[in-house]
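J.: Assemble chain B onto chain A, guided by the hints.
Here is how the chains run, residue by residue.
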Amino acid sequence: EPEVTQTPSHQVTQMGQEVILRCVPISNHLYFYWYRQILGQKVEFLVSFYNNEISEKSEIFDDQFSVERPDGSNFTLKIRSTKLEDSAMYFCASSEGTGANEKLFFGSGTQLSVL
Amino acid sequence: QKEVEQDPGPLSVPEGAIVSLNCTYSNSAFQYFMWYRQYSRKGPELLMYTYSSGNKEDGRFTAQVDKSSKYISLFIRDSQPSDSATYLCAMRPYNTDKLIFGTGTRLQVFP
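Chains A and B are the protein sequences, given in the same order.
For the first sequence, the numbering used here assigns the number 1 to the initial residue and increments by one for each residue that follows.
For the second sequence, the numbering used here assigns the number 1 to the initial residue and increments by one for each residue that follows.
Chain B extracted, bound-state conformation:
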C-alpha cells in the first residue's frame, strides 16, 4: 500500500461547481497536512495547512482531515477557470522534515 494515494484525474468541472479533491494515507504517524496548487512549470504553492482533525476554511477553500479514517479532502467552492491546476496533497509525521506528496490531481474548470 502506498503511503499517500491521490486520484490523478483529470477532473473536469464547469465554472461555479464545487470541487472535491481527496487523499488517503496509510501512515498513522502523519500529523501535518497540506494542500498545494501547482500550475504548469511552476513550483507548488501552499493553499491550506492543518495539523488537527476537522475542517479549516480559507475563502473558497475548505480543508478537511479525518485522522481516524486516514483521509483528507480539499473543497473548492464556486470554482473558477483560474483554479485549473494540479492539486497536491502533502503530509508528514511530527519527527521528520520530509513532506510526502501525493501524485497530484489535475483539475480543469471550464467556462
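Only chain A is shown next, with the shape it has when bound in the complex:
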C-alpha cells in the first residue's frame, strides 16, 4: 500500500539552528501539507501546498518556516532558526484531491527536539 515517508524520524538540534524535515508524498498525490503536534496537544495545521506554491498557511507558519518541492518526489519543511517552542512531532500529509475527493494520508512524523 502506498504511504507517505518522512525522514528523519527524530531530529535533535540546538536553538537557533536551521532544520530541514523531509517527506516523500504518495506518488500520484497533488496536494501536500504539514501539520504538527506538540506533546499532549492537538494536531495543528501549518501549511498546504499545491502546484508549487503555498495554498494556505496558519498563523504558526511565520517567516521562520518555508516549504519547498525541490524535485518531483520530495516535499520539505525548513525552519530557519529554531526555537524551544518548535519542539513537536511534525507530520507531512498528502491527498489526491480536495473537497469531496480529499482524503489526507499522513506520514509517521519527525520528532523535532530543540535544546
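Treat the hints as calculated values from the structure; they're not laboratory data.
Incorrect hints may appear among the rest.
Stated by the list, open to error - Computed list of lysine to any residue pairs in SDA-like fashion (alpha-carbon distance at most 20 angstroms, straight line):
1. Lys42(B) / Lys57(A)
2. Lys98(B) / Asn51(A)
3. Lys42(B) / Asn51(A)
4. Lys42(B) / Glu3(A)
5. Lys42(A) / Asn55(B)
6. Lys103(A) / Asn55(B)
7. Lys78(A) / Asn28(A)
8. Lys42(B) / Val12(A)
9. Lys57(A) / Tyr94(B)
10. Lys42(A) / Leu46(B)
11. Lys103(A) / Glu57(B)
12. Lys42(B) / Ile26(A)
13. Lys98(B) / Ser58(A)
14. Lys2(B) / Glu44(A)
15. Lys103(A) / Leu47(B)
Fair warning: this is a prediction, and the values are worked out from it, not measured in the lab.
T.: Here is chain B on its own, set in the frame of chain A:
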C-alpha cells in the same frame, strides 16, 4: 467555546464491546468530517470521511454526522485489542484546507 471538543478519555472496554466516540463543534461552516486513528508514535490514519449528515458504514466502523446538533460520532462494533489507539475527529469548512482536530480520545480494548 472551543471549535472542536472531544472527550480525551481514556475509555477502557472489553473485547467485543460496541464503542461510541463523539465530538461536538461550534462552527456551522464545517462541511467535511473525518475520523483518524493514531497509534503511539505514528501519524494519524484515516478511518472515515464524510461530508453529509447521516450515517456511513465501513466494516466494523460507522460514522454519524448530525449537522443540526453539531455532533459527530464514530461507532466501533465488535471491538478488538488491536483497536486500542487514540481516535481523532477532524473537520473543516468548504473554503479552507485547514483541518481542525479534536484532542483525541484514548481507547483501550482489553481481552
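J.: Each hint: holds or not?
T.: To see whether the hints hold, each was checked on the structure:
{"no.": "1", "hint": "Lys42(B) / Lys57(A)", "result": "24 angstroms, violated"}
{"no.": "2", "hint": "Lys98(B) / Asn51(A)", "result": "17 angstroms, holds"}
{"no.": "3", "hint": "Lys42(B) / Asn51(A)", "result": "28 angstroms, violated"}
{"no.": "4", "hint": "Lys42(B) / Glu3(A)", "result": "13 angstroms, holds"}
{"no.": "5", "hint": "Lys42(A) / Asn55(B)", "result": "26 angstroms, violated"}
{"no.": "6", "hint": "Lys103(A) / Asn55(B)", "result": "18 angstroms, holds"}
{"no.": "7", "hint": "Lys78(A) / Asn28(A)", "result": "24 angstroms, violated"}
{"no.": "8", "hint": "Lys42(B) / Val12(A)", "result": "18 angstroms, holds"}
{"no.": "9", "hint": "Lys57(A) / Tyr94(B)", "result": "16 angstroms, holds"}
{"no.": "10", "hint": "Lys42(A) / Leu46(B)", "result": "16 angstroms, holds"}
{"no.": "11", "hint": "Lys103(A) / Glu57(B)", "result": "16 angstroms, holds"}
{"no.": "12", "hint": "Lys42(B) / Ile26(A)", "result": "17 angstroms, holds"}
{"no.": "13", "hint": "Lys98(B) / Ser58(A)", "result": "8 angstroms, holds"}
{"no.": "14", "hint": "Lys2(B) / Glu44(A)", "result": "14 angstroms, holds"}
{"no.": "15", "hint": "Lys103(A) / Leu47(B)", "result": "10 angstroms, holds"}
Violated hints for the displayed structure, listed by number in ascending order: 1, 3, 5 and 7.
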